[in-house]
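Visitor: Listed here are the chains, written in short residue letters.
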Amino acid sequence: MDAGTFQFLLQDGITSGAVYVLLAMALVMVFTVTRIVMVPQGEFVVFSVLTVAAFQQGLAPRLAWIVVGAALVATAMELAQRWIARDAAGLAGRLLALLALPLAAAALAVWAVDQSSPYAWQCVGAIALVTTLGPPVYRIAFRPLAGASPLVLLIAAIALHFLLVGLGLFAFGPEGSRLPGFTFEGPRIGDFRVSAQTVVVVAASAMLIGAMLLFFGQTLAGKALRATAVSRTGARLVGISPDSAGELSLTLAALVGAVSGVLIGPATTLYYDSGFILGLKGFVGAIFGGLAGYALAATGALGVGLLEAFASFWASAYKEIIVFTLIVPVLMWRALVDPHVDEEAA
Amino acid sequence: MRETNEPLLRTRALSAYYGKVQALAQVELEVHPASVVTVIGPNGAGKSTLLNAIMGLRRTTGAVVYGGKDMGRIPAEQRLAHGLCLVTEGRDLFGTMSVRDNLELGFYSRRREGRERMRAELARVFALFPRLGERERQLAHTLSGGERQMLVLGRALMARPRLLMLDEPSLGLAPLVVREVFASIVQLRREGVAILLVEQNARAALEVADYGYVLEMGAVRTQGPAGQLAGDRRIVESYLGAGSGAAPLRPLIDAPATPDARGMQQPELRAA
Amino acid sequence: MTRRSCVAVVLAIAAVLPWLATPYQVTVLSFIGLYSMVALGLVLLTGVAGLISFGQAAFVGIGAYAAAYLSVALQWGAAATLLAAVAASSVCALCIGRLTLSMGGHYLSLATLAWGISVYYALGQIPALGGFNGLGGIPPLMLAGVSFASEVPMYYLILGCLCVGLVLVRNLLDSRPGRAIRALRSGAVLPESFGADTLRLKVAAFAVAAALAGVSGWLHAYMQRFVNPTPFGLNMGIEYLFMAVIGGVGSIFGAVAGAALVTVLKQQLQDWLPGLLGQAGNFEIVVFGALMLFVLARATGGVWPLLSRCMPAAPPMDTGALAGTALVPAQHGNGPDGEGAALLSVAGVVKRFGGLTAVDSVSFDVRAGEVVALLGPNGAGKSTMFNLVSGNLTPSAGEIRMRGRRIDGLRSREIAALGLARTFQHVKLAGDMSALENVAMGAYLRGRSGLLGAMLRLNRAEEAALRQTAARQLARCGLSECVTELAANLPLGRQRTLEVARALCADPALLLLDEPAAGLRHAEKDELARLLGQLRDEGVTILIVDHDMEFIMKIADRLVVMRFGQKIADGDPGDVRRDPVVQEAYLGA
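Residue numbers (our numbering), protein chains in the order written: chain A, -3 to 342; chain B, 47 to 318; chain C, 132 to 720.
No wet-lab data here; the hints were simulated from the structure.
All C-beta atoms in this analysis are idealised placements derived from N, C-alpha and C, irrespective of residue type, glycine included.
Some hints here could point you the wrong way.
Quick list of in silico lysine to aspartate or glutamate cross-link-like pairs, EDC-like style, CA-CA up to 16 Å [stated by the list, open to error]:
| id | chain 1 | residue 1 | chain 2 | residue 2 |
| --- | --- | --- | --- | --- |
| 1 | C | Lys685 | C | Asp703 |
| 2 | C | Lys656 | B | Glu262 |
| 3 | C | Lys685 | C | Glu715 |
| 4 | B | Lys115 | A | Asp83 |
From the structure, some residues in chain C lie toward chain A, with a derived Cβ separation under 7 Å [stated by the list, open to error]:
| id | residue |
| --- | --- |
| 5 | Met234 |
| 6 | Ala245 |
| 7 | Ile369 |
| 8 | Ala421 |
| 9 | Met423 |
| 10 | Leu424 |
| 11 | Thr431 |
| 12 | Gly479 |
| 13 | Val481 |
Based on the provided sequences and hints, a complete structural model is requested.
Guide: Laid out in structure tokens, this is it:
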């Protein structure tokens, strides 16, 4: 392999790796706060890409109808529960998140964005749509399972994944889409020209990660999320509602997923069911950090991207086997380094 | 005024179960505003369960009435906003977060009051517990036992509760530190905070309390004004066994005693 | 109508069904049977042992391809390919299990995920196996001269295999290794405390689940007469887990319920929905996902527990069968080890947790045949000390010796094998098992039957002896009337006594009791004190932590008092109690 190929593969690996990093961090965030393994994380990515593609092709964004439907179902469930419990506390806030914002995003997507809008505006519309899907999804799928075991939560996440993939087929059809690439000239490193895609992806990922760090490190809401992840009881004792924390983390994950979609959209053709394998690669990265550490998750995800790029060069037919089989020794090493701590003390 | 005679907290026939095992049996207690009530008793008596039940962390039968309102429908995380606060031993700290972050999160239920207010409260807590100020940036799990206790108490104070429930604050603390902690309890009482204190350290607890309950096997065995309980041999027996030869607790409280009408000596509560 | 007759009725219906159904429906029922076998393995793995596996479909594939290749290329007979299928999947499981089961929780599920994907791709890449086009031309299944080529005979074969599988797993769960596997769900601390090697148990459960999946694959191959990688990929692996959880991982019948519900639901949705909504192939998966979420929200324990409530309850265990000979005493025996010899010797032990020094250079001895009480106020470090002795924690410094042999740094099951048994401050019982079964766990190291023996019920004599021993210990502890009661239903005091009975079942040389009297009433404490006195007379050495001074004074030969992690007193009970330092420690300053 010559230097040029190496650099190309390296760039390829870093570009896809950066997106996997975002996915991995979203997975870690949701897991630490809620104990849910967010299997449908990839669906957020795909929904975002295909919605932008719909705008590009002059089609109506059918995701908007799904968002409206989800908002109505979630609102109905919430009202029904409150009616039975005769409890109206905080209802306004709930309606805002479950009904008003999704409807607003849908309205935006249907009436304010179309084929002639600037590309950036189309992306904003898609991202807004996917992000407002967060609270209704949490309310419908996970809130009823508040005290359930991680296994049940996992199965629920899988059921949700099936649900979303099916809805995705309805909304976007079976054809794949690829977003237009970025056409500016990237900088040179030595005699290697960095591609525009890489520049955008790395820059955007870095900014998003920076924003997340700022959120978690400096704002009280972010600290509240971290606290819920560390000690659920402690969080309740200071007045943090684990449900609100869960909903917020899921919404943030949807936001990150939506942005990831826009970033990865130009690189490959994505179909309505491509989400699973994307989420899986993010999951591999997340596991590298034991589903608890962000830095290691990022490293792992980047590693997956690089491994994938190089494996596809050497043996593209066996690419998937190589990536997934090599996980096992890595996992074993991780498990040795971070020995299984028994949750209960004697 | 009639209101001041109304208890701030009242439990009615409070019972709790672990599966089919009864951990609390028909507990009835009261806490009045600006008073210190203590619940003492041997290990396994259900004292912690009682506090968890009042806070809403455990499912119960019976009623918890706070500020005249039945708390049954209100989930635990919303009770702090009403002024009801539980301080457990250091395990509910956010270990991987800094001391400052832990304290700031104590202010979470009052976050609408703004950052300035939060900074003022932080300053107050650091003044009360200077050692925490020294360790502001350190992660909570690196603190010693005593410091953790201070942190968890400081975190509760950030919320300016009306009723503060303390679960064995003297646990694992050196005597000097225990004195500090109990001094701040008396201080809080002076500021109008009601305190429900669960303690194994019966001596220190009865020293600062106005009223006490003795819990055994989930049920209230004895209750009465703290001074009266201090002179009750049964308490000593429930800790050290009959015939242990230990004198009742009373003579060990080093406060000037004044005999009451029945000839029983009542110690004055120590002023901090 | 008893539960037995209920089961008989269900079986009868299952036997008669093929005559009432169309060939297509019989095929669907056959598939339900196949899926149930795999889900059964998952119930054992996930519900009983607490391990999540996405890779069961891979084992089905290994079994199916073994059958296919060997029958087509090498012309092996059906019986031989069955053995090969089971062997192949079990051996793979043993290897994979050894590598991955030492990882906990999510590492394990990802490893099984990776395993599932890799096998799928491998099966598709190997040319000799036909690649992604698959391998066809599998001869019809001939066993003992009977042909199982058509749907109905194949259905009966599958039904038969499923029933055999259910019986074998039920036998397994009701045995010495089965109890230990069931204890795995509460974590590793409990099984290791009575001597079980948790890794080996997990690998064993994994292998059994794989074997079941292998048989399912073998049947699949002969039923379809054709194999390709598609049914053995990750999608199916996820679905098996789905079926197990929806059916209810708490019971072996949950596997059947889940497989049936999911399969029938999918079939029906595929039949109805296109007609209803006009669009082809879309909405079944949406409705399916939504229905599954609904089922989970209503019944997090799965569908089977709901169904089970409609059936009459299972009859209580037959206690009359508990007569007979008990086990021989354990090797380490309970005779005195020479009067005055130090059975347990703790020297300069320190334990630090981050900034906290929980145990600060503590030293004391426990001589053979003594009852030593370890006392101190809350937070003094007593439980930590206990955990250090029993091997649940490793000291930061210092030495612990039992019978002169260093035990600090050993695993708790190795120390259990040396003759130590303990109870726990926070009771560790298998709530869904009866008192008798919980106590019988204690005798784990005194039995020897393995999985195969358990499944084939070859262990009856040993099992009877184990139960008899357990019953005896229960009687000794005054718990005879609770024998068949589920452990979760007992009051806390009795649960603590149950732990004592379990520890006694190990016939230990050194007994560690962590607050055995907490929650007991006065009369019960007297009984316990008498029992402990009796044990002391029989030569058992006891180290006990408790807070009830009266209770302690009745049984202790010596008191060791701790405070803030340090030892502040050690000696005769009367002297220690009068010590002003001790009084101050207890009642506060």
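Visitor: For this structure, which hints from the list above don't hold up?
Guide: 3, 12, 13
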